[in-house]
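Chemist: Listed below, chain by chain, are the residues.
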Amino acid sequence: MDLQSLYQEIILDHYKSPHHAGLRDPFEVEVHHVNPTCGDEVTLRVHVVDDVVVDISYDAEGCSISQASTSVLTDLLIGKKVDDALEIHSTFVELMQSRGKVEPDEDILEDGIAFAGVAKFPGRVKCALLGWMAWKDATARVVVDVEGSVT
Amino acid sequence: MDLQSLYQEIILDHYKSPHHAGLRDPFEVEVHHVNPTCGDEVTLRVHVVDDVVVDISYDAEGCSISQASTSVLTDLLIGKKVDDALEIHSTFVELMQSRGKVEPDEDILEDGIAFAGVAKFPGRVKCALLGWMAWKDATARVVVDVEGSVT
Amino acid sequence: MTAVEAPSHGLLDTDRIRADFPILGRRLDGDRPLVYLDSANTSQKPRQVIDAMTAHYEQINSNVGRAVHQLGDASTQAYEVARVKIAAFINAPDASEVIFTKNSSEALNLVANTLSWAHGDHAVGAGDEIVITEMEHHSNIVPWQLLAERKDATLRWFGITDEGRLDLSQIDSVINDRTKVVSVVWVSNMLGTVTPLETIIRRAREVGALVVVDASQAVPQMPVDVAALGADLVAFTGHKMVGPTGIGVLWGRTEVLDALPPFLGGGSMIETVTMGGSTWAPLPAKFEAGTPPIVEAIGLAAAVDYLSAIGMDRIASHEHVLTAYALERMRELPGLTILGPTEAVDRGGAVSFELDGIHPHDVSQVLDSLGIAVRAGHHCAKPAHARFGVQSSTRASFYLYTTPAEVDAFIDGIHQTRRFFKVA
Amino acid sequence: MTAVEAPSHGLLDTDRIRADFPILGRRLDGDRPLVYLDSANTSQKPRQVIDAMTAHYEQINSNVGRAVHQLGDASTQAYEVARVKIAAFINAPDASEVIFTKNSSEALNLVANTLSWAHGDHAVGAGDEIVITEMEHHSNIVPWQLLAERKDATLRWFGITDEGRLDLSQIDSVINDRTKVVSVVWVSNMLGTVTPLETIIRRAREVGALVVVDASQAVPQMPVDVAALGADLVAFTGHKMVGPTGIGVLWGRTEVLDALPPFLGGGSMIETVTMGGSTWAPLPAKFEAGTPPIVEAIGLAAAVDYLSAIGMDRIASHEHVLTAYALERMRELPGLTILGPTEAVDRGGAVSFELDGIHPHDVSQVLDSLGIAVRAGHHCAKPAHARFGVQSSTRASFYLYTTPAEVDAFIDGIHQTRRFFKVA
Ligand SMILES: Cc1ncc(COP(=O)(O)O)c(C=O)c1O
Ligand SMILES: Cc1ncc(COP(=O)(O)O)c(C=O)c1O
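So the protein lines, in turn, are chains C, F, E and L.
So in this note's numbering, spot 12 of the first sequence is number 61, and the numbers just go up one at a time.
So in this note's numbering, spot 61 of the second sequence is number 110, and the numbers just go up one at a time.
So in this note's numbering, spot 134 of the third sequence is number 132, and the numbers just go up one at a time.
So in this note's numbering, spot 424 of the fourth sequence is number 422, and the numbers just go up one at a time.
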């Protein structure tokens, strides 16, 4: 196994200084996700205004991979329209589940392409997806809440 | 496996015409024993007077081995003092659990020696012991009952 | 000199298949070849299954779902691929609907127990009714008796006709608005009967009852499609389908499994644990507490690979042809009464019978001396035996490696048994 | 260039032992030899165990306790001889006190569930108290949480001291007249701590509480004598003691097991079954519903034969010497904090630790790239991790085949890990 392909410099950088870390107000939904295998946790808040992801804030405990991928997530999705963010989400999830067989698209995933190597380590895919799954869950609830309040 | 050593003529005779079969009065204790493996059953009554086994009566459903051994049991034990009957019981149980390594004593076991071959068939030992275990259980309860009524 | 001709169509290439099963080459006492007619009790295992387990122990062995090292990854992947294969084998919509248990019995107890603990729709309480049948294996009777007793519910059942079929004449009253769960065997291990599941499931659906199917004898014998079946939960067991001991399967619809509380508590089935309380992992982990039967799951996957390569439809045909042949030849045996359907219609490959004047234990003993292994006893189906007024019976059962010549040996053996006990 | 000298006394002949374990000869990625330091998770298996199971499948395979044919007799005998061997291994007064389960977790759930259904002395009801500890494996926490919740009982526990020992300072109030059952781990799988069972059992006896011991990490590591121990019920698991997956053991005193109601219902655990009700078989069958893990029991018997031939006292000494060596060498590692006792006193061979600035997942990943298999995560002991303010840790664990050279490789690996993550 090629350790360098797993621990790309970009990942270690995000791990050492995660972007957008910490829990902030305002937010509509907060979720708490756990990786039952290793106990890694993330508490994540989303703030959506007019279908735009205005903020994603979080408090995470976990390994370099899960920390860095949550950090990259915030870089990628904050400021995007929810629909576009969901597109990026799908692209990232697909990359992670590809077992290394998908070529990552830097235009879409930016720093996220650094995780291509993680896809070759089945035991670490869950780490890379922890924050992403939490964000999707939270966002789905925002949409329900909003739609719920409209009707 | 030597079928003839298992199905001695004596056993088949007892099977065809079991001795002392049927349930009779008077009796002190009736027990019902089951071989959970195959479902063989025996209902057995004991009548004990002044420490003597006056009668053993039974209603049994089962294979040739279990039927014949219950029949032989009644031949051997009816009329004996309880203590002597328990001795014979031990001798028979020991024979059955010997895996064929004990030489049966005809003076004590009479027709019961025919079961020496059964001891070599581990799957059939339970059959041969069904009636004997029932008798011991019933007799133990008579003794308790009697002692119970004395105090 | 038999009047009935041995079948020549619809059979498998047993020469090739038998070569895969090491035990079938073994000799018994008196240098007799083994004629194994006890497959409904447990099946034999091909070397493909044995080798898969050995290879795992020798090269990959490690715990699953817990370690990030190479062995742990490989072991986890093998275990989860096994789940996927078994899901595909029964056409489960989702692999996470396949729960590994230790046998069918545990799978059925899992359902009965979680229903006793359930809140909401599936909760079984006082006055609720549970429906089973008189032809169930003890493993599909006792768990429901215990549930009924613990929750003060009522246990009801379908009886058996003289021909060994389910008596569904009162189906609309037996399954009624109070019925919370209906649990039925698919293929009886004693009578061989294939039950009319479609009719039962349709009625259960009308009253909104949960349907549990004991497929312990069905999955080994015929193509099974749980998606098409329409039941909620289906139990089966590895050792009867050329797989290892120590593993069974509960398949359940996601909505149902999600709605049930967990069964056993412990490692791997949790999301989080504090001293004050715990939450549960999603399916399938929620129902798999502790280290699962890892190597057994891998063995079972090798077993379904083996069966699939031959084809379940062809295995079903083989069983059908052999059973028809056996039933026909058994007619020539005086004093023999078959318990269960006497025609090979809606019928599996287990044939139980009585022989006048000779107790089943004695029948099987004489057959055993000839190298023929059959089962004698109540086959864990006492109520079905009681229904026919007997305590026990002898049972011959067939599988993909059984040959017509073995059926012939069995028939000859019965003739010899009758001579030995002088009833001929 | 280490200051600490590798031990030379009290160790087993690992060259000879390792030759018995096929997997230890395997190469990992990059042609690295396997350094397996995850035995507390699951142990590796010697060929003697693998071969015993293969031989059974190839020559004897048949169901147990049900058939009168030669294979059935042989299989039943092998299964019951396995029980006798395991009873002897733990010095159980009677083989029928050995119940085969699928793993430790099931054994512990068996106890918790039957207590929830028990009537009389052992019944756990509202207001009753159950005592466990903060260092339990989830499998000895969750079953008791579920029991407490279902019966409205109260769960209490002993905390952990900073040194990773049980805090028994309040023992007389924690275990009191309301205590019905005390369930304690013998050797912690996370902290390595050997608990002072004698003290706990003595106090439990004073108040008449039932004592359950989770011996999952004890039975593999040291001589165990359940007769001398004084507990009522003891659980352990096959796969951690060079045995197969799919099997565990519950030992219980006859009076206790007799007094408890059955656990799972079904075939083999009954005396008689009618549609109206059932009665139970005597021990051990009463607690073994369905086809048991037959071949797994035979594999476990081969495992105890293997361990006994080496000698459990010598295995304990080997673990002790290796653990002491590892603990000593770990002191040279900057930023490393051991969770649990730092001296090899009343301590088993599992060492969990934190490494400043590097998450356990990342530690184990780097070690894995070097062929060193350790465990990272919560080791199914979240409360014990929470006690030390961490979510997870890295754990190295040793067994009879581990060598001082492997400990050295591990220490080197940690140095490399620190360099890789630039904390060195
Ligand atoms: C202390 C302890 N208890 C219980 C268990 C559970 O054992 P199993 O997973 O075999 O059920 C383990 C191992 O995982 C353990 O280490
Ligand atoms: C119809 C049926 N149900 C349930 C079972 C129980 O299976 P197991 O013993 O593997 O739990 C069996 C087999 O013994 C069976 O034939």
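Everything labelled a hint here was simulated from the structure, so no lab data went into it.
Any given hint could turn out to be false.
If you want the ones that stay clear, here's a sample from chain E, every Cβ over 10 Å from chain L, calculated [to be verified]:
#, residue
1, 39
2, 45
3, 124
4, 169
5, 194
6, 223
7, 245
8, 281
9, 314
10, 336
11, 354
12, 366
13, 401
14, 419
15, 421
List of simulated lysine-lysine pairs, DSS-like, C-alpha gap at most 25 Å [claimed, not checked]:
#, chain 1, residue 1, chain 2, residue 2
16, C, 65, C, 130
17, E, 83, C, 169
18, C, 130, C, 185
19, L, 83, F, 175
20, C, 175, E, 420
21, C, 65, L, 420
22, E, 149, L, 149
23, L, 420, F, 169
24, F, 65, E, 149
25, C, 129, C, 185
26, L, 83, F, 150
27, F, 65, F, 169
28, L, 420, C, 169
29, C, 175, C, 185
30, E, 83, C, 150
31, F, 150, F, 185
32, F, 185, F, 175
33, F, 169, E, 420
34, F, 169, F, 130
35, C, 130, C, 150
36, C, 169, C, 150
37, F, 169, F, 129
38, C, 150, C, 65
Remember, it's a predicted structure, so these values are computed and weren't measured experimentally.
Glycine is no exception: its CB is placed at the ideal position from the N, C-alpha and C atoms.
Chemist: Are the hints correct? Go through all of them and say.
Modeler: Status of the hints after comparison with the structure:
no.: 1; hint: 39; in the structure: 4 Å, violated
no.: 2; hint: 45; in the structure: 8 Å, violated
no.: 3; hint: 124; in the structure: 17 Å, holds
no.: 4; hint: 169; in the structure: 17 Å, holds
no.: 5; hint: 194; in the structure: 20 Å, holds
no.: 6; hint: 223; in the structure: 25 Å, holds
no.: 7; hint: 245; in the structure: 7 Å, violated
no.: 8; hint: 281; in the structure: 17 Å, holds
no.: 9; hint: 314; in the structure: 23 Å, holds
no.: 10; hint: 336; in the structure: 20 Å, holds
no.: 11; hint: 354; in the structure: 20 Å, holds
no.: 12; hint: 366; in the structure: 4 Å, violated
no.: 13; hint: 401; in the structure: 18 Å, holds
no.: 14; hint: 419; in the structure: 16 Å, holds
no.: 15; hint: 421; in the structure: 19 Å, holds
no.: 16; hint: C/65 to C/130; in the structure: 28 Å, violated
no.: 17; hint: E/83 to C/169; in the structure: 22 Å, holds
no.: 18; hint: C/130 to C/185; in the structure: 14 Å, holds
no.: 19; hint: L/83 to F/175; in the structure: 22 Å, holds
no.: 20; hint: C/175 to E/420; in the structure: 71 Å, violated
no.: 21; hint: C/65 to L/420; in the structure: 11 Å, holds
no.: 22; hint: E/149 to L/149; in the structure: 14 Å, holds
no.: 23; hint: L/420 to F/169; in the structure: 72 Å, violated
no.: 24; hint: F/65 to E/149; in the structure: 48 Å, violated
no.: 25; hint: C/129 to C/185; in the structure: 14 Å, holds
no.: 26; hint: L/83 to F/150; in the structure: 22 Å, holds
no.: 27; hint: F/65 to F/169; in the structure: 23 Å, holds
no.: 28; hint: L/420 to C/169; in the structure: 24 Å, holds
no.: 29; hint: C/175 to C/185; in the structure: 14 Å, holds
no.: 30; hint: E/83 to C/150; in the structure: 22 Å, holds
no.: 31; hint: F/150 to F/185; in the structure: 24 Å, holds
no.: 32; hint: F/185 to F/175; in the structure: 14 Å, holds
no.: 33; hint: F/169 to E/420; in the structure: 24 Å, holds
no.: 34; hint: F/169 to F/130; in the structure: 31 Å, violated
no.: 35; hint: C/130 to C/150; in the structure: 29 Å, violated
no.: 36; hint: C/169 to C/150; in the structure: 9 Å, holds
no.: 37; hint: F/169 to F/129; in the structure: 29 Å, violated
no.: 38; hint: C/150 to C/65; in the structure: 28 Å, violated
Hints 1, 2, 7, 12, 16, 20, 23, 24, 34, 35, 37, 38 from the list above are not met by this structure, while the remaining hints are.
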